[in-house]
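Enquirer: Sequence:
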Amino acid sequence: MPARDHFHSVMRIGPVQIGTYRDRYGRTKHAAVCTADRCGWSADFSSRSAAQLAARTHRCTVR
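Residue numbers (numbering that gives the first Met the number 0): 0 to 62.
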């Protein structure tokens, strides 16, 4: 079965997008993904505030 990629409550902080989704166990998770070219940074968090903090402090290493 393919993975579901249904995000809601999507917001943007700089180049980082944060989206809320439910994992395969039904738990609410928050994904933070950098949309800058060649960056490739992403992380999953259990709280939205942690995802927002990571988005605010993220610095792309690719220049």
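Hints in this document: simulated from the structure, not taken from any laboratory. Do not rely on the hints blindly, as some may be mistaken.
[To be verified] Here are the in silico distance ranges between beta carbons for each label pair:
{"id": "1", "residue 1": "P14", "residue 2": "A49", "range": "14 to 20 angstroms"}
{"id": "2", "residue 1": "M10", "residue 2": "C59", "range": "17 to 23 angstroms"}
{"id": "3", "residue 1": "G25", "residue 2": "T56", "range": "16 to 22 angstroms"}
{"id": "4", "residue 1": "T60", "residue 2": "G25", "range": "22 to 28 angstroms"}
{"id": "5", "residue 1": "C59", "residue 2": "R26", "range": "25 to 31 angstroms"}
{"id": "6", "residue 1": "T60", "residue 2": "Y24", "range": "17 to 23 angstroms"}
{"id": "7", "residue 1": "D36", "residue 2": "M10", "range": "17 to 23 angstroms"}
{"id": "8", "residue 1": "F6", "residue 2": "R55", "range": "15 to 21 angstroms"}
{"id": "9", "residue 1": "R47", "residue 2": "Y24", "range": "14 to 20 angstroms"}
{"id": "10", "residue 1": "R23", "residue 2": "A49", "range": "28 to 34 angstroms"}
{"id": "11", "residue 1": "T60", "residue 2": "R26", "range": "28 to 34 angstroms"}
A quick note: this is a predicted structure, and the numbers were derived from the prediction, not measured. Quick reminder that beta carbons are idealized off the backbone N, C-alpha and C, glycines included.
Enquirer: Which hints, by number, does the structure contradict?
Expert: 3, 4, 6 and 10
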